[in-house]
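Spelled out from the first residue to the last, the chains are:
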Amino acid sequence: GAGVSQSPSNKVTEKGKDVELRCDPISGHTALYWYRQSLGQGLEFLIYFQGNSAPDKSGLPSDRFSAERTGGSVSTLTIQRTQQEDSAVYLCASSLRGAGAMRDVLTFGAGSRLTVL
Amino acid sequence: AQSVTQLGSHVSVSEGALVLLRCNYSSSVPPYLFWYVQYPNQGLQLLLKYTSAATLVKGINGFEAEFKKSETSFHLTKPSAHMSDAAEYFCAVSDRGKIIFGSGTRLSIRP
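Going down the list, the protein sequences come from chains A and B.
If you count by this note's numbering, then the first sequence holds residues 39 to 155, one letter each, in order.
If you count by this note's numbering, then the second sequence holds residues 444 to 554, one letter each, in order.
There could be a bad hint or two in this list.
[To be verified] Some chain A residues judged to face chain B by a derived CB distance under 8 Å, without partners named: (1) Tyr86; (2) Ala92; (3) Asp94; (4) Asp101; (5) Val143.
[Unchecked claim] Listed next, with one range per pair, are the computed distances between beta-carbon atoms: (6) Tyr482/B x Ser65/A: 42 to 50 Å; (7) Ser76/A x Leu450/B: 48 to 56 Å; (8) Pro522/B x Leu155/A: 44 to 52 Å; (9) Thr114/A x Asn484/B: 21 to 29 Å.
[To be verified] Cut-off 30 Å, straight-line C-alpha distance, at most; resulting in silico cross-link-like pairs (DSS-like, lysine-lysine): (10) Lys541/B x Lys521/B; (11) Lys541/B x Lys49/A; (12) Lys541/B x Lys95/A; (13) Lys511/B x Lys501/B.
By construction, these hints were calculated from the structure, which means they are not laboratory data.
Think of the CB as a built atom: it goes at the ideal place given N, C-alpha and C, for glycine as much as any other residue.
Using the sequences plus the hints, can you model the full thing?
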């Protein structure tokens, strides 16, 4: 697609429920990232996928968080047994790797705002 | 691991004044460095990128940043602030493709 698409744009859930957030990156972008943006907390790195390499999961805050990327394209971030502190905007971004001026330049989606009651 | 530190979570300047947003990086190798901007109720977009081709990098909307290896800094400047520059600014570094962001600086412009 022309841009990075995320769904849902807004999600309200009850504490303890599982949620899935979807990201559809720009076609041809080999790298895909998930970040979390909380009020006053900046952009927190969660996970990074690059091609067929094992993902860098070093930013996932707990084992309740997981993500997968199928076919090198669409990615799903899953949060199990949601807690109130999970409330945030979850941002997905994609980029080209390799050489060139656009290397590592991130294109962000509009984000998925998660509210856990 | 590489990281960036942004000094000052909030900066306020008068319209027409110099804008200076500070960013320091930690890296054992020449880094790729970035500044991104997030305008109110909008997504993040790239302002500029440093890739070692030139130490002074010009970006969009009159912003520029200078890479200073001796100071491990990549501060963002604009000679004359405009009301439309009010936004949140993020410095970032590439660590072998993994992009790490600073905590952000909110820029306010006083009339």
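Results of checking the hints against the structure:
Checking Tyr86/A against chain B by beta carbon gives a least distance of about 5 Å; that is within 8 Å, so the hint holds. Here the hint on Ala92/A is broken, as its CB sits about 13 Å from the closest CB of chain B, past 8 Å. The criterion of a C-beta within 8 Å of any C-beta in chain B is met by Asp94/A, whose closest approach is roughly 6 Å, and the hint holds. Proximity of Asp101/A to chain B is violated relative to the hint, the smallest CB-CB distance being about 20 Å (cut-off 8 Å).
For Val143/A, the shortest C-beta to C-beta distance to chain B is roughly 6 Å, which falls under 8 Å, so the interface hint holds. For Tyr482/B and Ser65/A, the Cβ-Cβ distance of about 26 Å falls outside the hinted range of 42 to 50 Å, so the restraint is violated. Take Ser76/A and Leu450/B: their Cβ atoms lie about 21 Å apart, and the range 48 to 56 Å is violated. Remark: the range hint 44 to 52 Å for Pro522/B to Leu155/A is upheld by a beta-carbon distance near 47 Å.
Taken as a hint, the range 21 to 29 Å holds for the pair Thr114/A and Asn484/B, whose Cβ atoms sit roughly 26 Å apart. Note on Lys541/B and Lys521/B: the hinted pairing holds, with a Cα-Cα distance of about 28 Å set against a maximum of 30 Å. For the given pair, Lys541/B sits about 27 Å from Lys49/A by alpha-carbon distance, which is consistent with the 30 Å threshold. A C-alpha spacing of about 11 Å is found between Lys541/B and Lys95/A, which places the hinted pair at or below 30 Å, so the restraint holds.
Distance restraint check for Lys511/B and Lys501/B: the Cα-Cα separation of roughly 15 Å lies within the 30 Å cut-off, and the hinted pair is therefore satisfied.
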